[in-house]
Amino acid sequence: MSILSADTRKLVGRSLLAMLGGYGLAAMFAACLPLWLPRISTMSRADATLIGMMLSFLIFALWILYSYAVRCGIRALALHILLSTPLLLGLWLLEAPQP
Numbered sequence: 000m001s002i003l004s005a006d007t008r009k010l011v012g013r014s015l016l017a018m019l020g021g022y023g024l025a026a027m028f029a030a031c032l033p034l035w036l037p038r039i040s041t042m043s044r045a046d047a048t049l050i051g052m053m054l055s056f057l058i059f060a061l062w063i064l065y066s067y068a069v070r071c072g073i074r075a076l077a078l079h080i081l082l083s084t085p086l087l088l089g090l091w092l093l094e095a096p097q098p
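Take the sequence shown: its letters are residues 0 to 98, numbered as in numbering that gives the first Met the number 0.
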């Protein structure tokens, strides 16, 4: 017998995915954008950092909305993995020491 009902467990799972997953996604985006933008444009790294930070707030808010709006929590988790994988790969590749 469980202390929490099935609905409560689903709500806790979505809340954790919304808060922790959204924070992680926004942080990865804010870390990757200052590395990507100066390489593809004439923008300075400081401007790219500001743009990345401002857009990360939007990504965090949209992720929270999406986490609760989607019908199935597994679908939100799958999208989180799909979005964070290229960000992690890009961070890993761009932060490698360059000769």
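Worth flagging that the hints you see were computed from the coordinates, not collected in a lab. Glycine residues also receive a C-beta, built at the ideal position from the N, C-alpha and C atoms. Take the hints with a grain of salt, since some may be wrong.
Have a look at the derived ranges for each label pair, beta carbon to beta carbon [what the hints assert, rightly or not]: (1) TRP35 x LEU81: 34 to 44 Å; (2) ALA68 x SER43: 21 to 31 Å; (3) LEU61 x LEU3: 38 to 48 Å; (4) MET53 x SER1: 40 to 50 Å; (5) TRP91 x SER40: 33 to 43 Å; (6) LEU87 x ILE39: 17 to 27 Å; (7) SER43 x ARG8: 44 to 54 Å; (8) GLY89 x ASP46: 38 to 48 Å; (9) TRP35 x LEU64: 38 to 48 Å; (10) THR7 x ALA45: 42 to 52 Å; (11) THR41 x ILE2: 50 to 60 Å.
Unsatisfied constraints (hint numbers, rising): 1, 2, 3, 5, 8, 9
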